[in-house]
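J.: Okay, here's what each chain looks like letter by letter:
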Amino acid sequence: MVRYIGRRLLQMIPVFFGATLLIYAMVFALPGDPIQALGGDRGLAPAVADQIREQYNLDKPFFVQYLLYLKGIVTLDFGNSFSGQPVMDIVKRAFPITFRLAMMAIVFEAVFGILFGLIAGLRKGKIFDATVLVVSLLVIAVPTFVIGFVVQFFFGVRLQWFPPTVGGNVSFESLLMPAVVLGAVSFAYVLRLTRTSVAENLSADYVRTATAKGLSRGRVVNVHVLRNSLIPVVTFLGADLGALMGGAIVTEGIFNVAGVGGTLYQAIIRGEPTTVVTFVTILVVVYIVGNLLVDLLYAVLDPRIRYA
Amino acid sequence: MPEIFHPESGSPAQPSTRPGQGHFVADVRETPLAVVDSVNETEAPSSLWGDAWRDLRVRPLFWISATLILLVVVVALFPSLFTTVDPKFCELRNSLGSPQSGHPFGFDRQGCDVYSRVIYGAQASVTVGLLTTVGVVLLGGTIGALAGFYGKWWDTILSRVTDIFFAIPLVLAAIVVGQVFSNGKTVWNVVAVLAVFGWPQVARITRGAVISVKNNDFVTAAKALGASKLETLVRHVIPNAAAPIIVVATVSLGTFIVAEATLSFLGIGLPQSVLSWGHDIAAAQTSLRTNASVLFYPSAALAITVLSFIMMGDAVRDALDPKARKR
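Just so you know, the sequences run in chain order A and B.
The letter at position 208 of the first sequence is residue 208 when you use our numbering, and the numbering goes up by one with no holes.
The letter at position 281 of the second sequence is residue 281 when you use our numbering, and the numbering goes up by one with no holes.
Read the hints as simulated data drawn from the structure, not as lab findings.
Be a bit skeptical, because a hint or two may be false.
Partner residues are not named here, just some residues of chain A that face chain B (Cβ under 7 Å, in silico) [unchecked claim]:
hint, residue
1, Ile13
2, Ala19
3, Ala25
4, Met26
5, Leu70
6, Val91
7, Val139
8, Phe153
9, Phe154
10, Gly156
11, Pro163
12, Gly247
13, Val289
Here are some of the chain A residues that sit facing chain B, going by a computed Cβ distance under 7 Å [stated by the list, open to error]:
hint, residue
14, Gly6
15, Ala45
16, Pro46
17, Phe62
18, Ala141
The list that follows gives simulated cross-link-like pairs (lysine to aspartate or glutamate, EDC-like), each with its CA atoms no further than 20 Å apart [to be verified]:
hint, chain 1, residue 1, chain 2, residue 2
19, A, Lys60, A, Asp50
20, A, Lys124, B, Asp314
21, A, Lys60, A, Asp77
22, B, Lys152, B, Asp163
23, B, Lys229, B, Asp318
24, A, Lys92, A, Asp77
25, A, Lys126, B, Asp318
26, A, Lys124, B, Asp318
27, A, Lys71, A, Glu54
28, A, Lys126, B, Asp163
We treat Cβ as the ideally placed atom computed from N, Cα and C, and that holds for glycine.
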């Protein structure tokens, strides 16, 4: 097990360097000059532009810039944004909110997705199964921003059950609606995964054995069927944590949440490369770590998997 | 030596000693099994695709999704067959007007005909979806096939590259890169950005499929007959590994259409001059409270298009999976 974790951590290293290099290159080395863009249509005086370039290490060769940026990541000093604010402050403000939002979305999609998927899988071909399948397909097909508008309009504006936007008031209640919208598509995937997996495992030999040795239906379903069916679901959820945090741009925009998505979007539009690079790097690290955790969880869920 | 069971002589384990019972098991020729087991030796053996097609053509899901896809493609190719109204002819006095004859879906805030805009918007979505899928299959398929077939350090390097691109969320990367092309953007920029960051999933699936195919006897036979490595890969391995790739490509086509709409919605996708459902949905956001139908029609068109590709992918997957196939 320890050797396995070690090997996985070693595998993470090239992915980390590759992804950060790619992000850095995307933001800084692509055509288009973020420094000149600061000056708008008139452009900056050459002396000012040179000074800013020097301040952000942009006068050095690309690879030196990248190494300096890596040094910043390791020492948790991400430098200042173009408006002079330490990027670390922006990170500290935005990430806790989005992390809360993403966790709420994950809990929502896991609990309801697995529950409905289990019931549908156990009653494959019945009316509940058919209804749930149609609803899940609709949720997948309708884009998140449309779901967001409609939910905001009905529950926030018409019925006034929840505050229509979050803004400065970050509470469980105000985050509930955005969390459900954020998790909606993944909820449908979790549901469909669980359903397929449960339906397949129901006809497995070990389930027949468990029934034959006289276990109650509840125990067979909960211990034998569900536990084995959760393996693909857990993979999905682990990969989804990173995707949810990064993909919250649309949802955070609609519900005016001052989290990662909103800040990142503003930073991209305003041309704040230091903030963009930092945020995307953290998101990628979250994603890689999420996937690692999933691999380790396998062993807990499926005793047949042993890491040599 | 395994004992050969003869129905006529009775099972050796259960000798026919009981009175009145000649044998315990019916003769195969007397059971319905005889029909099932009969083999028509003159018939050509059915291929995977032949089997899948026989299975597909009795599925309502397949026909529904195929009809919808055909409809969307025809609308995208020949929008003028479905409406004579110019989608860019807008009159402010019609702003948010209700449906009238010739304008069945009413008007949006700018006074443009919603029906006409929905019809002409199909082109952008279908073009981006199809081109991106072609790009992703070429890029991801090549990388996955090389990694799976050649193995060793090819696999190590290409799999890590796949991991790197997989670790960056699609929409995020598209926004970062899309911002660079903000001036003079075309459909091709959007396709390129989505394809460059959308291929890892196809690569992983192709790699797995190629690995499971390459150890088959027919691949060894091809090598033994003197086929070169590349020839073996292209002529023998890839055609047999194509099924999962086709399924994932069909489903991702829907995903790319949603991604395009999301980017256009955020204002960094297609240029404003291109008619797109994403643009229209974004513009309709402000009209939701007064005239919800302006939001409804482009959203419904987008959802139906995406849905038909997802359902098609589901149907093809079920048809190609021998485990799920119903006899």
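J.: Now tell me if each hint is right for this structure.
T.: Taking the hints in turn, this is what the structure says about them:
no., hint, in the structure
1, Ile13, "10 Å, violated"
2, Ala19, "5 Å, holds"
3, Ala25, "10 Å, violated"
4, Met26, "5 Å, holds"
5, Leu70, "15 Å, violated"
6, Val91, "16 Å, violated"
7, Val139, "10 Å, violated"
8, Phe153, "5 Å, holds"
9, Phe154, "10 Å, violated"
10, Gly156, "11 Å, violated"
11, Pro163, "17 Å, violated"
12, Gly247, "6 Å, holds"
13, Val289, "11 Å, violated"
14, Gly6, "17 Å, violated"
15, Ala45, "23 Å, violated"
16, Pro46, "22 Å, violated"
17, Phe62, "16 Å, violated"
18, Ala141, "4 Å, holds"
19, A:Lys60 - A:Asp50, "11 Å, holds"
20, A:Lys124 - B:Asp314, "16 Å, holds"
21, A:Lys60 - A:Asp77, "19 Å, holds"
22, B:Lys152 - B:Asp163, "17 Å, holds"
23, B:Lys229 - B:Asp318, "32 Å, violated"
24, A:Lys92 - A:Asp77, "12 Å, holds"
25, A:Lys126 - B:Asp318, "19 Å, holds"
26, A:Lys124 - B:Asp318, "15 Å, holds"
27, A:Lys71 - A:Glu54, "17 Å, holds"
28, A:Lys126 - B:Asp163, "40 Å, violated"
Checked against the numbered hints above, the structure breaks hints 1, 3, 5, 6, 7, 9, 10, 11, 13, 14, 15, 16, 17, 23 and 28 and satisfies the rest.
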